[in-house]
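Produce the complete structure using the sequences and hints provided.
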Amino acid sequence: MKIFALALRAAPLAFLIVFFFYPLAVILRVSFAPDGSLDFFSARDLLSDPYYARVLAFTFFQAALSTLLTLLAAFPAAYIFSHYRLPASNGLRALITIPFLMPTIVIAAAFNALLGPRGGFNELLMRAFQLSEPPIDLLDTIWIIFIAHVFYNFSIAFRIVSQFWSTLSPHYRDAARVLGASRARAFFHVTLPLLMPAIVAAALLIFIFDFTSFGVILLLGGARFATLEVEIYRQTVNLFNLPLAATLSLLQIICTSGLMLLYTRVNARVARPLALRPSNIARRKPQTAREKIFVFLTLALTLIFLSAPLVTLTSESFITRDGLSWQNYAALFENVRGSITFVPPIDAVRNSLAFAAIAVALALILGIGAAYSITERSGNASLRDTFYMLPLGTSAVTLGFGFLIALDRPPLALRATIYLVPIAHALVAFPFVVRALVPILRSIKPQLRDAARVLGASPARMWRAIDLPIIARALIVGGIFAFVISLGEFGATALIALPEFPTMPLAIYRLLGEPGI
Numbered sequence: 001m002k003i004f005a006l007a008l009r010a011a012p013l014a015f016l017i018v019f020f021f022y023p024l025a026v027i028l029r030v031s032f033a034p035d036g037s038l039d040f041f042s043a044r045d046l047l048s049d050p051y052y053a054r055v056l057a058f059t060f061f062q063a064a065l066s067t068l069l070t071l072l073a074a075f076p077a078a079y080i081f082s083h084y085r086l087p088a089s090n091g092l093r094a095l096i097t098i099p100f101l102m103p104t105i106v107i108a109a110a111f112n113a114l115l116g117p118r119g120g121f122n123e124l125l126m127r128a129f130q131l132s133e134p135p136i137d138l139l140d141t142i143w144i145i146f147i148a149h150v151f152y153n154f155s156i157a158f159r160i161v162s163q164f165w166s167t168l169s170p171h172y173r174d175a176a177r178v179l180g181a182s183r184a185r186a187f188f189h190v191t192l193p194l195l196m197p198a199i200v201a202a203a204l205l206i207f208i209f210d211f212t213s214f215g216v217i218l219l220l221g222g223a224r225f226a227t228l229e230v231e232i233y234r235q236t237v238n239l240f241n242l243p244l245a246a247t248l249s250l251l252q253i254i255c256t257s258g259l260m261l262l263y264t265r266v267n268a269r270v271a272r273p274l275a276l277r278p279s280n281i282a283r284r285k286p287q288t289a290r291e292k293i294f295v296f297l298t299l300a301l302t303l304i305f306l307s308a309p310l311v312t313l314t315s316e317s318f319i320t321r322d323g324l325s326w327q328n329y330a331a332l333f334e335n336v337r338g339s340i341t342f343v344p345p346i347d348a349v350r351n352s353l354a355f356a357a358i359a360v361a362l363a364l365i366l367g368i369g370a371a372y373s374i375t376e377r378s379g380n381a382s383l384r385d386t387f388y389m390l391p392l393g394t395s396a397v398t399l400g401f402g403f404l405i406a407l408d409r410p411p412l413a414l415r416a417t418i419y420l421v422p423i424a425h426a427l428v429a430f431p432f433v434v435r436a437l438v439p440i441l442r443s444i445k446p447q448l449r450d451a452a453r454v455l456g457a458s459p460a461r462m463w464r465a466i467d468l469p470i471i472a473r474a475l476i477v478g479g480i481f482a483f484v485i486s487l488g489e490f491g492a493t494a495l496i497a498l499p500e501f502p503t504m505p506l507a508i509y510r511l512l513g514e515p516g517i
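What the sequence shown shows, in our numbering, is residues 1 to 517, in sequence order.
For the record, the hints were derived by calculation from the structure and aren't laboratory data. Warning: the hint list may mix true and false statements.
Stated by the list, open to error - Computed beta-carbon distance windows for the label pairs:
no.	residue 1	residue 2	range
1	L353	P469	23 to 33 Å
2	L332	D408	42 to 52 Å
3	D49	H171	48 to 58 Å
Source: prediction; values computed, not measured. Every residue gets a Cβ at the ideal spot worked out from N, C-alpha and C, and that includes glycine.
Take a look at the structure:
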C-alpha cells in the first residue's frame, strides 16, 4: 500500500514533467536556438515588426474591455442575488452558470446563429419591418467578440461578487448612512471599497480567460482580429513558422503566468474580509414596487441575454431548406464530403466521448495524487499547490503547440497518435480536480484516521472507510468538470488531433467553414 501511495503522489509530478515542462522547454529551445545555437532572430523579428505589437496590444485591449463590460453586466444580478430572497434561486443560479460550461466553439456558433446576417435576430427584424437586407451585421466586428465574451464569463463575475457581497456585513454602510451619507455616497465610499477584493479577483480571472480566448475570436472576429492565441495557431498551421510561433507562445506564457500570480495573491485577500455574516440573513424579499420592478427587469434581461443564443441555436438545428425537419439530426450519420477528413458528425461525438472518458480517468488519478501531496503536513505544501496549478496559467493553444514540436521522436513519438488528445485534455482538466479535492481533504480530522489506525485498520481500509466517503462528492464534481472541459476543448485539439479522428468542436469548426452544409 505504501508503494501504491508513493506512486500515486509521484504520478502527477512525472506527468507534469513529461507533458508540461518538457514541451515548454522545447518551446524555449525553438524560440532561441532553432538550429542548436543561440539565435534571437525570431525575437528580433517579433520586436521589430509593428504587426506583432498590434497583436499584443489588441490582446490586452479586447481582454480589458471585455472584462469591464462583463463586470458591468453582471453587477446588477450579483446585487439582486446577494440582497433578495428569490423563488427558485438555486435553479436561476444554475441557469446563469450554463454558458460558462459550454465549449467556446458552441458559443461562437450560437452567436453566429443569433446575430449573423441570416441569424434569428436579423430574420425577425427583416420580417417585422419588411426589409430585404439584414439590418445588423456584427460578424467580423469587435462588438460580437465583446458580446460573446460577456456571455461566456458572466457567471464568473456573478458568482464571485454575489457570494462575497451576500456575506458582507452591512454595519459599515449603515453607520455611514447614520452619519449623513447619501445612499450613493455610502455605496461608493463604503460598500464598493469592501467589495474591491472580490471584484478584482473576478476581473483578473475573466481577464485571463479573455486574454487566451481562441474559438470566439477565430470564428467571430474574422481575419482582421488576431490575439496572441490566434496568431500562434496561424503561424503554426497556416505558415508553419515554428520559431516565431514558439516565441509568441513564450511571450504568452510570461503574460499569463504573471496574471495567474496576481490572481492568486488577490484571491487570497477575498478570504479575509472585514466582517462576514451568513448569506441567508443578508437576504430579504423585495418589498417596495420599485424593488420588485428592478428585480423583475434585471432577471428578465439577464435570462433573455443568456438564453437567446442557445434557444436560437436549438431552433436553427430544426430548420432546413424545406422547412422544419429532423433532417439535420439525420445528417449526423452522413459523411457529406465523402472524405476521411470529413467523417460523419456522429463519429466526432463518439471520439469526444471516448477522449473525455480517458481524460476524466487520468485527471482523477492525477488529481487525487496531487491533492494528497498538497495536503501533507510539510512546509512546502503551498509550493506544491502552485506547482500543480501551473497548467491553468498556460493557454491550450500553447500546450498543443508544445506537444506538436516536442513529442515527435522516441521514446515520446506521440504526435501521430490519438493518445495526445486525451493527454492534453487531462493536463488542462486535472487542476480543477485538485481544486475540488484539496479543501475537502483538509477538512478531514486527523483523529478519525488515528482512531482507525489504533483499531487495526490497514491504510487501504482507512482510505475506503474514511477518506473515500468524504471525498466522493468532490470526486464527482471534479470528474464532471474534467468531462465538460474535455468535451469542449478546442485550442490544443485543433493542433494535435488527427484529421480522421476529430472531436465535436473540430467538427463544428469544419462545418461552419463549409457554406451550404
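Verification of the hints:
1. L353 <-> P469: 23 to 33 Å: holds, 29 Å
2. L332 <-> D408: 42 to 52 Å: violated, 34 Å
3. D49 <-> H171: 48 to 58 Å: Hint holds: Cβ distance 56 Å, inside 48 to 58 Å.
Hint 2 alone, counting from the list given before, is not met by this structure.
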